[in-house]
Amino acid sequence: MAKDPIIIAHRGASGERPEHTIASYTLAIEQGTDYIEPDLVLTKDGVLVARHENEISETTDVADKPEFADRKVTKTIDGQKMTGWFTEDFTLAELKTLRAKERLPMLRKANMAFDGQFEIPTFEEIILLAKAKEKETGRRIGIYPETKHPSYFASIGLPHEAPLLSMLEKHGYSQKDNPLFIQSFEVGNLKALRGKTKLRLIQLMSKDDGPADNPATKYATMASPDGLKAIATYADGIGVEKAMVIPRTMLGNLGEPTSLVADAHAVGLDVHIWTFRRENYFLPLGQRSGLNPAGHGDLVAEIKVFLATGIDGFFSDNVSEAVSAAR
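Sequential numbering from 1009 applies to the sequence shown in our numbering.
Read the hints as simulated data drawn from the structure, not as lab findings. Computed from a predicted model, the values in this text were never measured in an experiment. Any given hint could be a false lead.
What the hints assert, rightly or not - Computed list of lysine to aspartate or glutamate pairs in EDC-like fashion (alpha-carbon distance at most 20 Å, straight line):
hint, residue 1, residue 2
1, Lys1104, Asp1069
2, Lys1199, Asp1069
3, Lys1089, Glu1066
4, Lys1178, Glu1142
5, Lys1226, Asp1216
6, Lys1226, Glu1249
7, Lys1080, Asp1069
8, Lys1143, Glu1127
9, Lys1104, Glu1132
10, Lys1104, Asp1123
11, Lys1143, Glu1038
Said to hold, decoys possible - Label-pair ranges, simulated between beta-carbon atoms:
hint, residue 1, residue 2, range
12, Asp1078, Gly1263, 48 to 54 Å
13, Gly1203, Pro1074, 43 to 49 Å
14, Lys1080, Asp1012, 45 to 51 Å
For each residue, glycine too, the CB sits at the ideal point set by N, CA and C.
Model the full assembly from the supplied sequences, consistent with the hints where possible.
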């Protein structure tokens, strides 16, 4: 019997609270998610914390802190020049003085009411939240961490793998059937992890790019039947951009599904897709409601079309709608 697809709360309930905050993860759990997803970056003192990027001016009030004005720098991360403030230049104690803010204020004005309220959580704090909620609710709360820019962090002497695995081991995550997936857009760190853990690994892919640690390879090639066969030697599944499963037409409606789900299943890989969001700005034309990009359209209808392709799980910023569609 086919199992229900898993619902992964993308950075928590990030459609309703500033992303990667304990408040965002807590709300997602209350709304019924199966997994919560932290993107993991490192501090100067080697602690894993949850941020969408190691550059934190978009998601914290760091730019308003005169004591950190001189930390503003320009760096090249995965071939892209970025200017701002970076987690690896702050100790955990310093990061804890910052407060989170909404990353998409133009689309999520209501979330701005929470700006300045929440701190940056450590990975351990997120694990402890999941464990506490498991006790409280009696259901398993999965965790789905992403290693962000792993080859960059390794190049500055702050590799993810050791702190990640030791933290997971400390809290009892070491087996394939544990409610945990580790995901990455890069290939090298997944292969390194495969040699060190039985936990399930997910190769992330987007429609247009390639892995930062091997830019000559394109994800489109990796998503071919031969490419998927190669991924199956080190990963348990793929986490792919929605358009790789159902592309959009010239007009912006949903087109015909590709063979990706069937091709991946043929070599034993699960397929998880990202990211479902309810704002018109992100929805296919047919599921939008009105012209305001920040307006909410019919996300449930969009998710249902993708569920029909046989996917094994999906990421959403909006857990209530995800639960309505999948359950």
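Status of the hints after comparison with the structure:
1. Lys1104 with Asp1069: 11 Å, holds
2. Lys1199 with Asp1069: This hinted pair is violated, its Cα atoms lying about 36 Å apart.
3. Lys1089 with Glu1066: The hint holds at about 16 Å.
4. Lys1178 with Glu1142: 17 Å, holds
5. Lys1226 with Asp1216: 7 Å, holds
6. Lys1226 with Glu1249: 14 Å, holds
7. Lys1080 with Asp1069: 13 Å, holds
8. Lys1143 with Glu1127: It is violated: about 24 Å lies between the C-alpha atoms, which goes past 20 Å.
9. Lys1104 with Glu1132: Holds, at about 14 Å.
10. Lys1104 with Asp1123: Judged against 20 Å, a Cα distance of about 15 Å means the pair holds.
11. Lys1143 with Glu1038: 13 Å, holds
12. Asp1078 with Gly1263: 48 to 54 Å: 50 Å, holds
13. Gly1203 with Pro1074: 43 to 49 Å: Taking Cβ atoms as reference, glycine 1203 and proline 1074 lie about 46 Å apart, which means the hint holds.
14. Lys1080 with Asp1012: 45 to 51 Å: Cβ of lysine 1080 to Cβ of aspartate 1012: about 46 Å, so the range 45 to 51 Å holds.
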